[in-house]
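Please put together the full structure from these sequences, using the hints given.
Protein chains in written order, with our numbering: chain A, 54 to 483; chain B, 34 to 298.
Keep in mind the hints are simulated off the structure, nothing from the lab.
So the derived list for chain A, only partly shown, Cβ under 8 Å to chain B, looks like this:
hint	residue
1	P116
2	E325
3	T397
4	E398
5	V399
6	Y423
7	F426
8	V429
9	P434
10	Q435
11	G438
12	M439
13	P440
14	P441
In silico DMTMM-like cross-links for lysine to aspartate or glutamate, where the CA-CA straight-line distance does not exceed 20 Å:
hint	chain 1	residue 1	chain 2	residue 2
15	A	K382	B	E70
16	A	K396	B	D54
17	A	K368	A	D450
18	A	K310	A	E398
19	A	K382	B	E59
20	A	K165	A	D144
21	A	K396	A	E304
22	A	K396	B	E59
23	A	K310	A	D296
24	A	K368	A	D473
25	A	K165	A	D75
26	B	K219	B	D160
In this text, all values refer to a predicted model and were calculated from it rather than measured experimentally.
Just so it is clear, CB atoms sit at the ideal spot from N, CA and C, and this is done for glycine as well.
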Amino acid sequence: MKRVFFALCAALLAIAMWVGYDNFADGLDTNVAVMSEPASAERVAQGAYLARAGNCVSCHTAPGEASYAGGRALATPFGTVYASNLTSDADTGLGTWNAQHFWRALHHGRSKDGRLLAPVFPYNHTSLITRADSDALFAFFQSLAPVARATPAHELRWPFGTQAAFAVWRSLYFKPATFHADAQQSPEWNRGAYLVQGLGHCAACHSARDALGASGALDDLSGGVMPGVNWYAPSLLSVPETDLVHTPPAEIVRLLKTGQSSHAWVSGPMGEVVQNSTQYLREDDLRAMVTYLQSRAQQALHDQPDPTATAPSRKPSARSVANGAAVYKDHCAQCHGDQGQGKTEVYPALAGNRAVQMSDITNLVQTLTYGGFSPVTQTQPQPYGMPPFVLTLSDRDMADVLTHIRQQWGNRAPTVTEFDVNRVRVLQTH
Amino acid sequence: MKLIWTLAAWLLLGTSAHAVDTSMAERTRACTHCHGEQGKAGPDGYYPRLAGKPAGYLFHQLQNFQQGRRHYDLMARLIEPLPDAYLRDMAQYFSSLHVPYPAPALNASGVPADVLARGKALTLNGDASRGVPACVSCHGAQLTGVAPDVPGLLGLPLDYLNGQLGAWQSGQRRAHAPDCMAQVVKRLASDDLMAVAQYLARQPLPANTSPVSLGVLRASNPASTKQQVATDARTGAMPSRTMGATPVATTWTCGSAPGVVGVLP
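Here you go:
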């Protein structure tokens, strides 16, 4: 018995030592001054561009406060995390950091003082960023005027906010990674892969998160519900959900540039991505991302669900059909049209719209409940919007009108029930 | 390249059955769904009128919702991603709409005369003993507001007035610092606030419902034209004798309306 106890203790100690080694032994000397020359204007500009590509501003800016000064509260299933101040302020920002500290944060997920960073910061993705890009980003953040704004302490439930918890989580899910170009693929494909998997951190939303909040692999683009935010980021590989493989590349570029294409409109959190990030990317970078994404979608073509084998949908009752049509006529047709045709550049068509027919109805319920505006972009500085309907429509009305738009004008998607609508709404945590 | 796109867009638009409606009325449908057509106010008391309110005031309210100084989840979510430039355009649009006001829904019956008298006294004269300026000293002699930042107080439903004054008192509603309205409201008892709301909700609107200019407001408040006060107002600094623990204030300055100075009776 005693022997078993000691063996257990020894095993636990060995695991703890290994977790400690795994997390802290990156061997980086942060005392060395690695950047000998002062940052050139080009390097700062390059860093600013990379910060756009990484959409750093969205998390690292609190509403109404200076850009990159941090403080935005990010809700997670484990509590609230506050993004840090990236400006050059010495006390509350990165003013006393050097390029080596910054590289360690991006690549190893550790702060200046060596502490492990909360993995809400997607350092599994930023780990892929090259040292040259890291230095350019650092030069850009150092060029920002100092803003004194202390970052509030994270409010994570015990034990999730402890360094020990971060260490265990990291040993399970995180390994510093380097981007290796695939020699079989074109430089454009590799540039796209680097942007999608690294700075773009697309998989942070476009893959499902597990019970410990970990998203899929860096290149997992199979879609998932974003916990807390409660939006479904569709699969970028699926034909029914996004059909990137059959969409002209220029149209996908247009979607990332303007939020609209002839096939799709972005909404919810992707609107923020277009507004703050992708609209600013160079055409060649957007094309590279599209090249990579389409090649991935092409590879995934063989494991698409058989469209003829979809689960038989419950037929809506005559009462639901009548109510759905009536609600549509009263509240939707004025903008989306009698035939769900929408209005070019103003309101999206619902007929033939993949977002309307996805099996996951989270986004439809969110849109009906809260409404929203299309992203504000250089091409559309005054976008049109949809009002919230949560006070006007009951869960039953929502279910009936969603069933209506999913089964009219050639659309073929399963019936939505009041229960389905309610199931999405109770997941709303804030 | 740009020319080609413009031409292409023009061709597309030109041939489509429905020309694109680029009006602000169309762009702000998400607003008017609750706030009523042309921002005339919603059907119940909780969606206030937007039409004709001073543009600076409307813009500040949009910012207040975005930045957590006012709280209404549906409103905050809807405008959360919109940048200041677009919010200003929306504020300017609703401010430019001159839509006639309906007559007050309430008359003098149904509320004790002494309550109305108290409300009237506070509105027109303030309460010197508590260091509370009259409503008219900042919101204009006719209570139609002062361009560009101070809202009018007439034509608002009783429920809305009560809701807002209560929110100021509890700290649920705030404005840019220095938050003069919060200071004023917190010096009044709940009964006083309800008396003011009862009085305001019963006042008919004057023939000209437009907000007055700062010059008109200053002319009606001779004390506020003093050099010192004007300087304080420009810098947004608090006048030297304001905001003590005891109500000794003679003037008020407001972060949300830097040009305006409230004066004690």
